[in-house]
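**Q** Going down the list, the sequences are from chains A and X. So the first sequence is residues 1 to 762, counted in full-length UniProt numbering. So the second sequence is residues 1 to 762, counted in full-length UniProt numbering.
Just so you know, these hints were derived from the structure itself, not from any lab. Predicted model only: the values in this text are computed from it and were never measured. Among the clues, some could well be false.
When chains are identical, the list treats them as one kind, so a pair holds in a single copy or across two.
Unchecked claim - Here are the simulated lysine-lysine pairs, DSS-like style, with alpha carbons at most 25 angstroms apart:
1) 460 / 670
2) 647 / 489
3) 489 / 646
4) 45 / 613
5) 367 / 670
6) 447 / 367
7) 489 / 509
8) 702 / 325
9) 272 / 292
10) 541 / 274
11) 500 / 489
12) 541 / 447
Protein chains: 2
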Amino acid sequence: MASLQDIAVAAGINGFSALMFLIIFAMLRLQPINDRVYFPKWYLKGIRANPVTAGKTVSKFVNLDPNMYLKFWKWMPAALNMPEPELIDHAGLDSAVYVRIYLLGLKIFVPITVLAFAVLVPVNWTNDALQNIQNLTYSSIDKLSISNVPSGSPRFWVHIGMAYIFSFWTWYALYEEYQIVADMRLHFIAGEGRRPDQYTVLVRNVPLDPDESVTEHIEHFFCVNHPDHYLTHQVVYNANTLAALVDNVRSLNNRLTYYQNKYERNPKRRPKTKTGFLGILGSTVDAIDHYKAEIEKFCKEEAAEREKVMSDPNSIMPAAFVSFKSRWGAAVCAQTTQSSNPTIWLTEWAPEPRDVYWDNLAIPYVKLAVRRLVISFSLFFLVFFFMVPISIVQSMANIEGIEKVVPFLKPLIREKSVKSIIQGFLPGIALKLFLIVLPTILMTMSKIEGLTSLSSLDRKSAAKFHLFILVNVFLGSIITGTAFQQLHKFLHQSATEIPKTVGVSIPMKATFFITYIMVDGWSGIAAEIVRLTPLVVFHLKNTFLVKTEKDRKEAMDAGSLDFATSEPRIQLYFLLGLVYSAVTPVLLPFIVIFFAFSYVVFRHQIINVYDQKYESGATFWPDVHRRIIIALIIAQLLLMGLLSTKKATYSTYLMMLLPFLTMWFHLFCKGRFNSAFTEFPLQDAMVKDTLEKATEPNFNLKAYLEEAYIHPVFKAVELDRPMAINDEENNPLVATTRNAVVVGTHPSHEDGPKQVPLEPEE
Amino acid sequence: MASLQDIAVAAGINGFSALMFLIIFAMLRLQPINDRVYFPKWYLKGIRANPVTAGKTVSKFVNLDPNMYLKFWKWMPAALNMPEPELIDHAGLDSAVYVRIYLLGLKIFVPITVLAFAVLVPVNWTNDALQNIQNLTYSSIDKLSISNVPSGSPRFWVHIGMAYIFSFWTWYALYEEYQIVADMRLHFIAGEGRRPDQYTVLVRNVPLDPDESVTEHIEHFFCVNHPDHYLTHQVVYNANTLAALVDNVRSLNNRLTYYQNKYERNPKRRPKTKTGFLGILGSTVDAIDHYKAEIEKFCKEEAAEREKVMSDPNSIMPAAFVSFKSRWGAAVCAQTTQSSNPTIWLTEWAPEPRDVYWDNLAIPYVKLAVRRLVISFSLFFLVFFFMVPISIVQSMANIEGIEKVVPFLKPLIREKSVKSIIQGFLPGIALKLFLIVLPTILMTMSKIEGLTSLSSLDRKSAAKFHLFILVNVFLGSIITGTAFQQLHKFLHQSATEIPKTVGVSIPMKATFFITYIMVDGWSGIAAEIVRLTPLVVFHLKNTFLVKTEKDRKEAMDAGSLDFATSEPRIQLYFLLGLVYSAVTPVLLPFIVIFFAFSYVVFRHQIINVYDQKYESGATFWPDVHRRIIIALIIAQLLLMGLLSTKKATYSTYLMMLLPFLTMWFHLFCKGRFNSAFTEFPLQDAMVKDTLEKATEPNFNLKAYLEEAYIHPVFKAVELDRPMAINDEENNPLVATTRNAVVVGTHPSHEDGPKQVPLEPEE
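Go ahead and model the full structure; you've got the sequences and the hints to work with.
**A** In structure tokens:
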């Protein structure tokens, strides 16, 4: 058990490392050479141009203005200053709502922390249960926790009362937030300009007709069943092979550019390469000629494949994007059942064009059900048995195993210092590698499940990751043993025994989780803002691949909020906060600092860095809400279990009510708000339709929609963002409230419009 | 433990009592005087007229043809002969599908019984585990059960294999039946004539508007949001007080008729009554004059209330039946979200006019959620604590308690014989009374929950009753102690321990359940067909109240299938059959006889007796399916528990897969078929609309719908069945395949059309 001093030392170390990251970030971001790493969003929006193209030679790369270094912390207030409507307009609703999760954390935990310190800490401190036990080493942290209250003490009434107050407050905060987010979403949808997905419905499982082609069949079906509303449709081609070929050509082009750059810099020697595996094996050839020939070959193949896909009726999949004359017509089609056989003619809202996951559009109904079954079994095994293959790898990856596989390394390995390093690190490496590839595994599993949009893939992967964290990080840290051993134990314990077993260990693990919060939360978030990997990758690409402005734009990796991995991690902090709120309140300030710090950092990131791949309009909020509800129920059950071991018999009956009320609250919120995230009300559709008819009576909708849902490989230009969105972003509905600032070191700023990046230099 | 002989004796007794009921039934139904008790359906359809009105004097009341008595069993083949399409046409889809539940029972259990007797009985019989245990009395039944297989025997592989085969067969039968019922429903809906509910949507939670009345607000909203489809609407009046007054007048009329009849038969003495409580207390008055005056008084009150309801804007509730120009328009409105606030403008399919439960139409959203919470808590307490009030009543209702309350009965009670009767019966009476009123309590709870149609009330009550039977009849019989004690025990046992505890007791309870099946199943069903209560009530009413033909028609109580209580009872048999299929196969033939016998009896009843109050188109099938799935999962878990105590360690892992597969099968079926029971596909709506437009281009739909959804008390005539249904029934789509039969003793048959009652006399 760590004492308060130990915790303070750990806090100091982690606070210092976080501060170091922040200072490094503040230094790096001021260098013009890193401008594209730390402000890519403004480049992508076309507001900021390249600082390297103009100015003095040295100041092109290094910032020489000492004043700016003194104001290095200025980015924080700048990140907080942008008002929310402008933020939504600038970064999209998804990002704006995402940072609200941190805000919700603050809203829930700041009052709880204040109350817990005002009431629970004195109540716990003024006992002497721990002092009375002989031969027990305890720390000052434990003196502040519920462990210090003797069994059967009437003081537990205070803890029960606080549990109720904390629950009520959490419900209130959750309800209010759900309402705010639902309103934001409805307002966002109402304010949006014309977008293809507003008129379009994705139809899947089109039945095959012996007399008609797929496209004719679709047209006839919708002409008959939606006679006044059907406008046009776009069948889906199976272009997976073509997409692979296009990717291949792009990567060959990259290599060609690399060798051409190399040749330009050193014209005396033409670069060579080998034709075999990774350019290591095979015969040596002239690199530029080789890749030029290769590209030509694959371009021809690509053209042939393109021809084949377009002409072969077998490459048309039984799915289509059907567009309607009005939003009302599309809303009707998306929300109704079309056929009496509910496994054909399945309709749902079309995702945004850039949100479509093309590979999954043509999976038949029965196959989908089987895939879901297989994936749920796999998920179960992944969560509870993932240690099995890792232990096998670990047992094989020892000194003797390596010696067998690569005998020529034997002398090196036998060296004592090397041996100890290998023995120390190897077991950990297998686990680390697994944890690194875990999000990819989960995403692959979601893809196999057959989801049709990137946003839903992200949401489903997040749900899987949340389960993994819950079982393996939270429960795994509290109870020793692998997840499977836990499961085995739980199955052999009674329903009332499980919360007791876990609950009893809760106070003892407080210091561990405090350290975890500081390492993973504080330093992790601070590391996020430095963007080390994109920084290195950008400079490598910039050196070897970039020739034109367009290349440089492509080398820039803005990244995006990774909902699938980061949201479940936030949920762990909600869970820890709720579980420890009534048990060990000392943990709460660390949670609050995490939420506050993350809020600032991510607000900065979404303003200056991230470029979202899609805009789902915050459809993930019901998931966030549900997981906080799960955390709350877990917290209530564990407190119940803990109290029942403390000989507070009345407590079980009193606490039993809380999980049920929480469950009911969840159902109530679901009924109240959920449909705002899944359905599009006819009234709103009608309002937008009417408005549009009045303002643009002669708009050619058919032409507008014709090309919207074409597989990206068929488009001449890259499908980065559809026209309509750009239109809107260039003409924001909310006028910016910030003044234009001219910055000396960045000459490009002079041509910036009214929106400028957040800069500390003013 | 009962031996095979004991069981055979019990079977003999119960079989004999069932046979006696059948013979009594066969005798009674041949008497013309009972014709309206045993063939009310044909009277209600107008096909059969009164046999009492014509013929010889004696044969008006008693059947004197000896031939007919010899053929008394002929009703059975007659009941089975009517082909299903004709049955649907004659009795409605609800009834036709209801008897298919029994058919499904046969389909599942006949092959299982054959297989179990061919494989499991020999496997169990040829062991000697029971013989090897000293000091154990065992019966021949146990020799046939799994108890006779010694622990750790490899023969358990056979039981596990059989459990898999039984589960696969049950899935197959369930899947096929779901498909058949879904097809029947779709076909039924497609074949239906015009009905008001096809065009109508029930709108609830209409928001209040300060500037408009409710009816204006509704009209404007739908004119704007469904401009091409909205036709008309009918607001809902709060007519609960008025309905009570109308009921009161009707009951006073009954009494007046009674006294008038009495006076006519004995004109010398004018009947008297007392004005006070139940005609016992108060001053004596002339009965006919008194009731005439009373009726006049209440009629005036009724008229005033009627006036008030029609004119007072406060009696208009924020709900309405909105009708559309086409089925397509109604289908769209019923399936879509109307407003961005999902707690207002809630739309759902309107129930049939006679299916509407008027009292619940105006409950706001938040109140509904609170009511549901309260009811679920109440249901929990009712199921687990219902013994508490009963024990209190039992402890009070003893000899001393009665002496205190009614001291003048003291000498009588002190009599030894009376005393022993009271002591023997009293404790049971409280429980019996509770069980009799239980369905009413459950129905009241469902009404409080706020459901808007009688069919959904029936379904919800059935779900509650099913839970009660599961906990208190099934588990309560297996494990001793009250439900609450069981719950307490389960909460303190591990998840793996619970199936073991229950599973171990399963084989021991086989004889108990065999007796239960014979008493409740065999004799109970045979008693159903005699219709003792309606028989007595009809003859009482006929004697005292009937004056005109209309009176006689009203005195006839056809009754109806009581889904809320009878379906959960069938589910108990499914559960018993599935649980015992692999444990004690001897029980299976009793189940099979129950299903076969019930099938014949209920098929007879729905053809000749029952008159359904509503037609929901078999919307209850998903519930039936789900509960059989629940029974299957319980059976699998209990077998797993039982096997794990038999030292068959591999069994747990092998059996664990089954519940998960069953769960998945359920989800698959739900996705595949459920929407056929909840949604109305646009394609089908369009087909019917188009057909109708072609055949009746000038039909005045508005006039047709205007009066359809008016509260019954506002209608001049009784709302028994809407016009459209009668139309259809008189012109059946399926031509009858049966020949008209002229029956001597029933002269009225001569005017019968092509459809005639099922008679054994040919």
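**Q** Now look at each hint and say whether the structure bears it out.
**A** Hint by hint, here is what the structure shows:
For the homomeric pair residue 460 and residue 670, the shortest alpha-carbon distances inside one copy (18 angstroms) and between copies (21 angstroms) are both at most 25 angstroms. In this homomeric assembly, residue 647 and residue 489 come within 25 angstroms of each other (Cα to Cα) both inside a single copy, at 24 angstroms, and across copies, at 20 angstroms. For a Cα distance limit of 25 angstroms, the shortest separation of residue 489 from residue 646 qualifies both inside one copy, at 22 angstroms, and across copies, at 21 angstroms. For a Cα distance limit of 25 angstroms, the shortest separation of residue 45 from residue 613 inside one copy, 14 angstroms, qualifies, whereas the shortest one across copies, 66 angstroms, does not.
In this homomeric assembly, residue 367 and residue 670 come within 25 angstroms of each other (Cα to Cα) only across copies, at 15 angstroms, whereas the closest approach inside a single copy is 30 angstroms. In the homo-oligomer, the alpha carbons of residue 447 and residue 367 lie at most 25 angstroms apart inside one protomer (14 angstroms), although the nearest pairing across protomers, at 42 angstroms, exceeds that limit. Taking identical chains as interchangeable, the C-alpha atoms of residue 489 and residue 509 lie at most 25 angstroms apart only when both belong to the same chain, with a minimum of 19 angstroms there against 31 angstroms between chains. Taking the shortest Cα distances, residue 702 and residue 325 sit within 25 angstroms of each other inside one copy (8 angstroms), while across copies they are farther apart (29 angstroms).
For the identical chains of this complex, residue 272 and residue 292 are intra-copy neighbours only, at 13 angstroms inside a copy versus 117 angstroms across copies, given an alpha-carbon limit of 25 angstroms. In this assembly of identical chains, residue 541 and residue 274 lie within 25 angstroms of each other by CA distance solely inside one copy; the values are 22 angstroms within and 106 angstroms between copies. Both within a single protomer and between protomers do residue 500 and residue 489 lie at most 25 angstroms apart by alpha-carbon distance, with minima of 13 angstroms and 16 angstroms respectively. Proximity of residue 541 and residue 447 under a CA criterion of 25 angstroms is satisfied in neither setting, with 30 angstroms inside one chain copy and 70 angstroms between copies.
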